[in-house]
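Residue numbers (the numbering used here), protein chains in the order written: chain A, 1 to 126; chain B, 1 to 368.
To be clear, the hints were calculated from the coordinates, so they are not data collected in a lab.
Every residue, glycine too, gets a C-beta built ideally from N, C-alpha and C.
A portion of the hints provided could be inaccurate.
Said to hold, decoys possible - Restricting the straight-line Cα-Cα distance to at most 20 Å, the calculated cross-link-like pairs of lysine to any residue (SDA-like) are:
1. A:K26 - B:K297
2. B:K32 - A:M31
3. B:K297 - A:E123
4. A:K86 - B:V318
5. B:K18 - A:D82
Claimed, not checked - So the derived list for chain A, only partly shown, Cβ under 7 Å to chain B, looks like this:
6. E30
7. L40
8. E42
9. G44
10. T59
11. Y117
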Amino acid sequence: MSEVKYSKEHEWIKLDGEEATIGITKHATEMLGDIVFAELPEKGSHVDKDGTAGVVESTKAASDVYTPVSGEVIDTNQMIVDDPSKINEDPEESAWFFKLKIKDKSEMDSLMNKEEYEKFAKETSA
Amino acid sequence: MSIKKTSLNNLHIKYGAKLVEFAGYQMPIQYKDGIIQEHKYTRSHSGIFDVSHMGQLFISGGDDLTNELEKIFPADLKKLKTNQSKYSFLMNNKGGIQDDLIITKTSDGFLIILNAACKYNDYKVIKSKLDNQYKLNLDESLSLIALQGPEAKNVLNKVIPGCDSLKFMNGNNYVYKNEKVYITRSGYTGEDGFEISIKNSDAETFVESLIENGSKLIGLGARDTLRMEAGLCLYGNDLDNDTSPIEANLKWAIPKSRIETEFVGSEVLKNQFQSGVKKLRVGIKPDSKVIARVNTKIYNDKNQEIGKVTSGTFGPSVEHSIAMGYVDNSYSTVNTKIFLEVRGKKIPANICNLPFYKKNYVKGEINV
């Protein structure tokens, strides 16, 4: 069973064995507004937990995308680079950002589950 | 100071606006549809903009008002016919722009539309330069509503019949619910449109009737992308106290008849007309989708810094990243290759013509 967890920076992460898929939450896209640009990490590069791993820009502003866990970038989603509006349409499924081969599963422990994240998102946007 | 609300504040909330503070006012950045949809609706149909935060300064009194105002503004006010409007500037002694504004000649004086963030200072500056016999009224009992887009004339004509005969940059008095409204054909989007000056107490019902006739409320977010596509300047970004109208590439707004005459900043402008300027505002088109926002540094192909971006966004109608900025004059020619430093990377871009989006104004008398 794959488990989805959430970061305070509004990323979601789905773990499947050693492979993690990461994207930004629906709540994040609602705060950002219309997304018009996405930049993803290089395939093969290494990213560190809480480090910058991409950028999204809305008509209003640019925001960094952070990785909630460390690992090697094994895949990126070209679809969202070609058509960034897909991120607004389907942020938590087809418009994922990148996939990592992770080293340390314990890095997942500090992340929130769905219920905790929804509470956090509600409190921080109020 | 507490945050101010316009007379449309309840309506903004009713239509799901995200409210932000702008120039001391609580203003809608966007509504439910979002910036891109709002932008496109304005270009394809019509959009309603609450611009009541802007200053509406009425100046009247005295026989010599036109002469006195020509000592302040570089516009040819003597030639202005009643109800005709001109784009002009309030400058400082160094030729820098304190505000960009629209002056309209009214039956008993002039109406000047001022930027929200500048209006109180403008009032002080203009008052200090005019004799006491002249009456200045920064009228906050009036709201200002812009209606923009190809359907604007049809929508407005249903609510206030007859206004579709107005020519671009001309205004007139009309009646709405037995009250006088003043309408000009002008705007800030690159589309045909109108600005309606209306009593605060009538503003809400007026806007509701525009909505009933097919228009939608549009927030400041889309107002910004629309004006950028149209190549229009935003005061505070593209224009400021250290930038002259010549540097801003707005030479067309200084009539030839005024170049040899005296007004605030005229010496500097005369000089710049003769010997040119060091920096110039240009349009910038990045090669990729990367957005170069305000303060992005601009480099030449030898990695020397040659200027900076003053406005940048994604243009929803041109479907491209677009920007404006100031570059060293020797790099201002169209198609010059430049580089924009975004997040540490040098993004190739080209100097391009403005506007990015072709204008659609209803042409009136052209004498610029």
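Do the hints match the structure? See the list:
1. A:K26 - B:K297: violated, 33 Å
2. B:K32 - A:M31: holds, 12 Å
3. B:K297 - A:E123: Given that 20 Å is the threshold and the Cα spacing comes to 37 Å, the pair is violated.
4. A:K86 - B:V318: holds, 19 Å
5. B:K18 - A:D82: With Cα atoms ~28 Å apart, K18 (chain B) and D82 (chain A) exceed 20 Å; violated.
6. E30: violated, 10 Å
7. L40: violated, 13 Å
8. E42: violated, 12 Å
9. G44: This interface hint is violated because 18 Å lies over the 7 Å limit.
10. T59: holds, 4 Å
11. Y117: violated, 22 Å
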